[in-house]
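A.B. asks: The residues making up each chain are set out below.
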Amino acid sequence: MIEAPATSASNNPRGLAFAEAKDYLAEAETSGVGAVIVPESVDSFPKPILRHKRPRAAFGHLLHLFNRPYLRHDGVHPTAVVDPTASVDASAAIGPYCVVEAGSTIGAKVNLMAFCYVGENCHVGEGSTLMPHATLLRDVTLGKRCEIGPSAVLGHAGFGYYWDGEKQVHVPQVGGVELGDHVDVGALTAIDRATADTSRIGDGNKFDNLVQVGHNVTIGKHGVFASQVGVAGSTTIGDRIMVGGQAGFADHVTVGDDVILAGRAGVMGELMEPGMYGGAPCMPIRTFHRVNTIVPDLPNVMKRIKALEKKIEELESKP
Amino acid sequence: MIEAPATSASNNPRGLAFAEAKDYLAEAETSGVGAVIVPESVDSFPKPILRHKRPRAAFGHLLHLFNRPYLRHDGVHPTAVVDPTASVDASAAIGPYCVVEAGSTIGAKVNLMAFCYVGENCHVGEGSTLMPHATLLRDVTLGKRCEIGPSAVLGHAGFGYYWDGEKQVHVPQVGGVELGDHVDVGALTAIDRATADTSRIGDGNKFDNLVQVGHNVTIGKHGVFASQVGVAGSTTIGDRIMVGGQAGFADHVTVGDDVILAGRAGVMGELMEPGMYGGAPCMPIRTFHRVNTIVPDLPNVMKRIKALEKKIEELESKP
Amino acid sequence: MIEAPATSASNNPRGLAFAEAKDYLAEAETSGVGAVIVPESVDSFPKPILRHKRPRAAFGHLLHLFNRPYLRHDGVHPTAVVDPTASVDASAAIGPYCVVEAGSTIGAKVNLMAFCYVGENCHVGEGSTLMPHATLLRDVTLGKRCEIGPSAVLGHAGFGYYWDGEKQVHVPQVGGVELGDHVDVGALTAIDRATADTSRIGDGNKFDNLVQVGHNVTIGKHGVFASQVGVAGSTTIGDRIMVGGQAGFADHVTVGDDVILAGRAGVMGELMEPGMYGGAPCMPIRTFHRVNTIVPDLPNVMKRIKALEKKIEELESKP
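Protein chains in written order, with numbering that gives the first Met the number 0: chain R, 0 to 318; chain D, 0 to 318; chain S, 0 to 318.
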């Protein structure tokens, strides 16, 4: 009896894993997992197997079968506080302890799970989900089928101050935030509202947890931003970017389409050439890999330089 | 008809932008923005313009005109849970689903927007705002006109553990947090309470989102901390510091007045000299910039060293 | 009269501090602190003193005496929303505005402070505490006496996407999260649920604020993770790890027991040898320290290389 998808390392005797590469096949053999989806090329295996042309894809299908949608409290929960000027579609689910402020609209089939805050003048597009404690502070528009993670914060004031000679003074942030369709925002991720105009996140972007997106940032379509990435204010990013964890973008920077950044990469200036980059300030990934082999060897390099200097001195002192 | 402030890149025909430098003037010319505030020196422009000595300042004034204050639910919302021993000023606004615990005081004109948690023995100074889901866990004192962002957490236990030979044991954190006046704390930012005494944040400090300030940290006045900065425990920072995104301070470090840190800078030891620094461990910014031109060239540098070694060998082997 | 534990730098005349090293003794002498616990070797001191073999341990005892437990609202608060299929132990405290969803169990003496979200199929072990706005999204199991900080998020979907040729598609994340006993999770920290199986955090691990732990991560026992650390998906970590602030682990990496990582260290590949490491990619700490003295000197190193090249040229051009 198979009960659940599992990893090749699992100890679940009722789990079904997949294994394509040799090491994962070996792992599945020795782990406690019950059965394995394997490539068609595998002839014999000491456990029950399912042969498939593309085991990973088959496993993905299995995951879909076992997936369950997020919990919905259909209708408007009696504890929800909805401003009379807000408009809530009859098919939307407004969960316990949600607050929807004046002038906001909640589209068809939207799911606000619990403790969601939808501030003034916010618009949540059809089929979108807000997870517990998500905040749309104000002037935030979400497209269709967006997923906003727990305790994410959209629409907080951009971080703009100037020094008046005595103190830092906040520049009013009167703009908003606009997300396209199918944008996923991770837990505890922040996207600030613009100073003027709109911080604009195109269709299909995916943000992991604890990401920061500053005010007046513009991001194209279908980007992927791993955890703890920071994008400073007024930076513009093209389509299909992929950003590794803890990477950062300086402010007022322009980045083109099809750029891939390794974890911890730092973008300090214009970066228009498609390709993969690493390091801070970032450089082509091959250069970065070579630099990474040299840096820990620098003490040794210094010795070689000293040896050279000594030898030169000796040569120079030769008659 | 002008309806809103806008950026020079805006496509809003009813937007009013400002442009000082040449490239922004060029951008405003080709974008869809309706009108532009320009320097007095600009004679002709293909769009309606307003001439001003300082376009940026004029635009700042415009932003103030268009700014609207955060939403207030005047009085104590019927859903708020306020402990009978807490003291709430009659002019304060306690929004829906706020909790105010025993012994706390809420000053005049304070605004708790929604879902705010004000724990035991917390004091919120006159005119301060707590945004949705903000938490003052306990023993937190805010000065006047502070703004605490959505899901910010003040007063969580400092991260102090010791190894007892078998496990990590938490050192009780019995101190508090104290903010001066006009301190802004961004969304999802944490300021921990002290082991003993107080984590002390002086007047006028501004923190962006996702910043961490550890226990027993002391910060002077008027500092600016960009997103994702981390300040480890017991570190002391002077006045008017400016800290770029993702920078970090080690614990038990002392930093003087008027220090500026580039993004991702790392302060590992005492840093008393005013000036700008970059890198980790940080160095004067000019040195950092020069280092940044050398690092990606290291593979090349290694070739030059190898060439030198070969040439020396040849010279040495000469009779 | 002594009223509170204090630091040696405190200005509290009713504070009792400890001082072991010379500089702290000097600090305590000149600060406003009322009295000091000092080593037995200290003969005279200008303030009231308590002599003790181990002042730090004595101070730790003092902290325990002054510590007070987190606030509990005994019983189920009338504003709590508890699903009829959830099971809540009679000795548990469910505070104001907590939501407990279907199929969840809340163990003996558990404390949900306020605004806690316990999603479907979550299990909170005996004596655990959830602080305000903590979220267990779904399929999360906590052991005994865990402490989950304010706005921490456990059980959010792992960040797994694949490109289908047109857009990023989310891989369903059908697994859960399991914490052992005595695990502390800081404020605003995220631990994602697994794609399949379980993200597994062993007994006694301690996480600071703003930490990210990805899907299918496995961590042994008694680790300590400082603030803003990121652990990417499917990484496996051994026992007793200590991780400095802002450090990061790549995905699918294996780390052994008794590894110590300096702040900002980056683990990019297997790391099985116990010891201390720094840098990114990380290297033994002694190497790292030497590299750190060379890097800011690189402009100078380049000058030395140029000088060598010139001298070689001169030598070569000699007849």
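Some hints here could point you the wrong way.
Because identical chains cannot be distinguished in the list, a pair is counted as satisfied if it fits within a single copy or across any two copies.
[To be verified] In silico lysine-lysine, DSBU-like type, Cα no more than 35 Å apart, as pairs:
1. K108 / K220
2. K305 / K317
3. K166 / K143
4. K166 / K108
5. K52 / K220
6. K310 / K220
7. K305 / K52
8. K166 / K309
Because the hints were derived from the structure by calculation, they are not lab data.
Given the structure is predicted, the values throughout are model-derived calculations rather than measurements.
A.B. asks: Given a CA cutoff of 35 Å, do K52 and K220 count as a within-copy pair, a between-copy pair, both, or neither?
C.D. replies: within (31 Å within a copy, 39 Å between copies)
A.B. asks: Cα distance capped at 35 Å. Does K166 pair with K143 within a copy, between copies, both, or neither?
C.D. replies: between (42 Å within a copy, 15 Å between copies)
A.B. asks: Reference check for the pair K108 and K220, CA-CA at most 35 Å: within, between, both, or neither?
C.D. replies: within (24 Å within a copy, 43 Å between copies)
A.B. asks: When no copy is specified for K310 and K220, does a C-alpha distance of 35 Å or less occur within a copy, between copies, both, or neither?
C.D. replies: Cα proximity of K310 and K220: none, with 58 Å in one copy and 53 Å across.
A.B. asks: When Cα atoms must be at most 35 Å apart, do K305 and K52 count as within-copy, between-copy, both, or neither?
C.D. replies: This pair counts as neither: shortest intra-copy Cα distance 59 Å, inter-copy 50 Å.
A.B. asks: Pop the pair K305 and K317 into one bin, within, between, both or neither, using alpha-carbon distances up to 35 Å.
C.D. replies: both (19 Å within a copy, 21 Å between copies)
A.B. asks: Could you place K166 and K309 in one of the four classes (within, between, both, neither) given a Cα distance threshold of 35 Å?
C.D. replies: neither (56 Å within a copy, 53 Å between copies)
A.B. asks: When Cα atoms must be at most 35 Å apart, do K166 and K108 count as within-copy, between-copy, both, or neither?
C.D. replies: between (47 Å within a copy, 23 Å between copies)
Checked against the numbered hints above, the structure violates hints 6, 7 and 8; every other hint is satisfied.
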